[in-house]
Amino acid sequence: MDFLKNLPFFSIMISMFSAIITSILPKKAAKWLNTVVIVVIGILSAILLVYLFGTGESYTFMMGHFPAPWGNEIRAGVLEAGMALFFCIIMLLSVIGGSKKLEADVAEEKQGLYFILMDLLLSSLLALIYTNDLFTAYVFVEINTIAACGLIMIRQTGHAIEAAVRYMIMSLLGSGLLLLGLCVLYDLTGHLLMSNIKEQVAVLVANNQYQIPLLCCIVMMSIGLSIKSALFPFHAWLPNAYGYSTVSSSAVLSSLVSKGYIFLLIKIIYRVIGFDVFKNSRIIDILFVFGLMGMIFGSLSAIRQKDVKRMVAFSSVAQIGYIYMGIGMGTNFAIAASVFHILSHAATKSLLFIASEGLCDASGESRRMEDLTGAAYRNKIAGAAFLVGSLSMVGVPLFPGFISKLLFAQSALQIEFTKMLPALIVLGISTILNAVYFMKASIRIYTPVEGEKRFPVVPVKKQGIYGVVLVVFILLNLYLGTFSQPITDWILQGLGMFA
Amino acid sequence: MSRKKSVEEYQKTKSFRFWRWLSGSKDPYVGEVEMKPQKEPVYSEEISQERMQEKLELQEKVYDVEQNPLLRLFRRVYAISAVLFCIILAGVLLYMVAYLPPTGEADKAVNNEVPARYIENGLQETGAVNIVTGMILDYRAFDTFGESNVLFTATTTVLILLHVRKKKVEKKRKEDRENGLEEEDDRMYEPQDDPILQACASILVPIIILFGVYVILNGHLSPGGGFSGGAIVGAGLILYLSAFGFEKTEKMFTEKTYKYVSFGALTTYCLAKSYSFFTGANHLESHIPLGTPGAILSSGLILILNICVGLVVACTMYTFYVMFRKGDF
Chain A
294 MDFLKNLPFF
304 SIMISMFSAI
314 ITSILPKKAA
324 KWLNTVVIVV
334 IGILSAILLV
344 YLFGTGESYT
354 FMMGHFPAPW
364 GNEIRAGVLE
374 AGMALFFCII
384 MLLSVIGGSK
394 KLEADVAEEK
404 QGLYFILMDL
414 LLSSLLALIY
424 TNDLFTAYVF
434 VEINTIAACG
444 LIMIRQTGHA
454 IEAAVRYMIM
464 SLLGSGLLLL
474 GLCVLYDLTG
484 HLLMSNIKEQ
494 VAVLVANNQY
504 QIPLLCCIVM
514 MSIGLSIKSA
524 LFPFHAWLPN
534 AYGYSTVSSS
544 AVLSSLVSKG
554 YIFLLIKIIY
564 RVIGFDVFKN
574 SRIIDILFVF
584 GLMGMIFGSL
594 SAIRQKDVKR
604 MVAFSSVAQI
614 GYIYMGIGMG
624 TNFAIAASVF
634 HILSHAATKS
644 LLFIASEGLC
654 DASGESRRME
664 DLTGAAYRNK
674 IAGAAFLVGS
684 LSMVGVPLFP
694 GFISKLLFAQ
704 SALQIEFTKM
714 LPALIVLGIS
724 TILNAVYFMK
734 ASIRIYTPVE
744 GEKRFPVVPV
754 KKQGIYGVVL
764 VVFILLNLYL
774 GTFSQPITDW
784 ILQGLGMFA
Chain B
33 MSRKKSVEEY
43 QKTKSFRFWR
53 WLSGSKDPYV
63 GEVEMKPQKE
73 PVYSEEISQE
83 RMQEKLELQE
93 KVYDVEQNPL
103 LRLFRRVYAI
113 SAVLFCIILA
123 GVLLYMVAYL
133 PPTGEADKAV
143 NNEVPARYIE
153 NGLQETGAVN
163 IVTGMILDYR
173 AFDTFGESNV
183 LFTATTTVLI
193 LLHVRKKKVE
203 KKRKEDRENG
213 LEEEDDRMYE
223 PQDDPILQAC
233 ASILVPIIIL
243 FGVYVILNGH
253 LSPGGGFSGG
263 AIVGAGLILY
273 LSAFGFEKTE
283 KMFTEKTYKY
293 VSFGALTTYC
303 LAKSYSFFTG
313 ANHLESHIPL
323 GTPGAILSSG
333 LILILNICVG
343 LVVACTMYTF
353 YVMFRKGDF
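Heads up: the protein sequence lines correspond to chains A and B, in order. Offset between the first sequence (1-based) and the numbering used here: plus 293. Offset between the second sequence (1-based) and the numbering used here: plus 32.
Check each hint, because a few of them may be wrong.
[Claimed, not checked] Listed next, the in silico DSS-like pairs over lysine-lysine satisfying Cα-Cα at most 25 Å (straight line):
id: 1; chain 1: B; residue 1: Lys204; chain 2: A; residue 2: Lys403
id: 2; chain 1: B; residue 1: Lys87; chain 2: A; residue 2: Lys320
id: 3; chain 1: A; residue 1: Lys320; chain 2: B; residue 2: Lys288
id: 4; chain 1: B; residue 1: Lys199; chain 2: A; residue 2: Lys403
id: 5; chain 1: A; residue 1: Lys320; chain 2: B; residue 2: Lys198
id: 6; chain 1: B; residue 1: Lys200; chain 2: A; residue 2: Lys599
id: 7; chain 1: A; residue 1: Lys403; chain 2: B; residue 2: Lys200
id: 8; chain 1: B; residue 1: Lys288; chain 2: B; residue 2: Lys204
id: 9; chain 1: B; residue 1: Lys280; chain 2: B; residue 2: Lys200
Bear in mind the hints are in silico, worked out from the structure with no lab data behind them. In this text, all values refer to a predicted model and were calculated from it rather than measured experimentally.
For reference, chain A alone in the conformation it holds in the complex (with noise of 0.2 Å):
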């Protein structure tokens, strides 16, 4: 076997063990650690993408001396070592250039536990990205959620920890749900195996046997991690813990916690039920639903919003539900186009977030839209960050955003009328509330001050690291914009080797 069928397994386990020394680390060797691992295991996936792409095929892994049904087992494919190299990339990311605002919103003697969390939370994406086990799944979901709790937590402020308990609160029932689907599932088909379980799952449903517990299995799992990633009318934590954690937290979470799930549910939908079972189940048509109610009413509470990262909070809500949409529309390119979302919505959002807190931090530290007027002049690089995430988000071209809703509406094409039409008029007034919000925000951060000038300026050459990270996020957003029909190629690759 290939030394380089090693490096999932490798990335997994470096970034639990960097965990596990961290927790004796002093704060500043845990910060060097968690940015030489997050580098490290970036590399490592980008080395297993180019070996993968010369292959041509996916494998399995085999965790321990015992073949797979008996013991553990992972998979790599070219969509799954993407994925964690992208990941890599946002987590690097937003560590980095939220890690000045970290010191001062954590206290000192708690900022060594906050790297712990983060490496956790690396290894448990790394895990729900190539895990070929439903159980491993679940176990990793659960590291994940106490995680990202603590992430929302730390910056112990009233806010954040009533968010960080509302949470807790619906990310539990999701992950209920998902076991409570999980138990359901082994007892019909006695597999715990991805690729087991589908061909158990086709036998049942070629003898017509146990539907009924099957559809309420697919039901409970799909809802589940819908909870987990605030599809609509289950998102009723994702404001406040998006807007009051700290704003690493609020980037990882929005662009890496919520996409994890979403990746869980494409993959139990591709190797666990199978993509037909799951079709013909009518949950995708609920899916589609709260999607589109997502994609409106998400917009309209943004709208709403005199927080400025609130409303970018609140933003999300909108861009989850496109990603609904499109799995809701059930055809392989749809699923596609919700996977180069989850790409461009991660790009965006953690772009967003870092902008926002640099625009917050140059008018005062306040983050209510009248004090911001003008602090794009300010901080010139946030500004200007800020302004490319909201044109990505309305879908300009050139921009990540403008792609994903071409191929939304692209795909909504290939479907069949009733489910055509809603998407094609949902995906327009989508579109306009977005840019009713993101285009306030923008004109009012460039409206210049009259009169006297209540905030310094930040000069540019003073942000360091902070504005090196907002130059590479805006590079990225324009690499995603302008060379997207490589990145879409390798997303159906990905997704034709999942079957």
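Please arrange chain B on chain A, whose structure you already have, making use of the hints.
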């Protein structure tokens, strides 16, 4: 050859203006373009008084449950619909359970080749007499590693939420006393010296802890293992703490103990299992003897892993208790 521009000429170029804008020395809009900045509205005395009035009315009529029939109705409907939702959910789940395959049938889907191999070959392949332990610590050791990391994550989160430095609390107490205030922080006061509890504990604690150690060490031979044994040891430590107070436990269990014990245990687990995963996946010989089944030193890595898991669980339980009770070790 580069052309040299005069200063006046240079000041007309776009790049000069861009740099000037970037460095913040001149805003190109101010004085050039007519701009009406958004201002906050200024309210006169009358209007602000009116607003206050409205706010008071709002508070009385809208947010006061007694006054607002609509809100009362909403709360009632909310409560009823929540209960209804739970009943319906329970109903759906019960309905589903009725259609599940009956338990205990020989041809049920769960009775397939997977448990068959665990039961038939478990002893030879893992060396553990207790098949369950062989399953969780050898066949599916990756899941169990994840599970002990769940405990580690949970402890980290509890430390974030509840850990308060003792020195800080004592400083605050001292200040309060000096200023003649009532002491706000009463977490340093402990119920002490309960003779009944102490008498019971001095008999029970050694037995409990010894039993816990036995359960951990015999995890591969008899029912039990790291998780259950660790919980027993943790319970013993908690009983000891309740009976004799922090002064005694501080001598043997401090923050450092927690840190290094769980670090050591998890590191051992991680390295041992990484070795075994690596050799297993690459089809290499692992060179770990399985020993005679039934002997205490047998079944390869399982004994070591059980000890690691036991230490992590015991530390986690004790730390949780300490955090909830006092906030520092």
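Right, here's what the structure says about each hint:
1. At roughly 20 Å between alpha-carbon atoms, lysine 204 of chain B and lysine 403 of chain A fall within 25 Å of each other, so this suggested pair holds.
2. The straight-line distance between the Cα atoms of lysine 87 of chain B and lysine 320 of chain A is roughly 48 Å, outside the 25 Å bound, and the hint therefore fails.
3. With a CA separation close to 16 Å, the supplied pair lysine 320 of chain A and lysine 288 of chain B stays within the 25 Å bound.
4. The straight-line distance between the Cα atoms of lysine 199 of chain B and lysine 403 of chain A is roughly 16 Å, inside the 25 Å bound, and the hint therefore holds.
5. As the CA atoms of lysine 320 of chain A and lysine 198 of chain B are separated by approximately 20 Å, the hinted pair is consistent with the 25 Å bound.
6. For the proposed pair lysine 200 of chain B and lysine 599 of chain A, the alpha carbon gap of about 37 Å is over 25 Å, so the pair is violated.
7. Proposed proximity of lysine 403 of chain A and lysine 200 of chain B is supported: the alpha carbons are some 14 Å apart, at most 25 Å.
8. Restraint check for lysine 288 of chain B and lysine 204 of chain B: satisfied, since their Cα atoms lie roughly 24 Å apart, inside the 25 Å limit.
9. Under the criterion of a C-alpha separation no larger than 25 Å, the hint pairing lysine 280 of chain B with lysine 200 of chain B is consistent with the structure, at around 22 Å.
Checked against the numbered hints given earlier, this structure breaks hints 2, 6; the rest are met.
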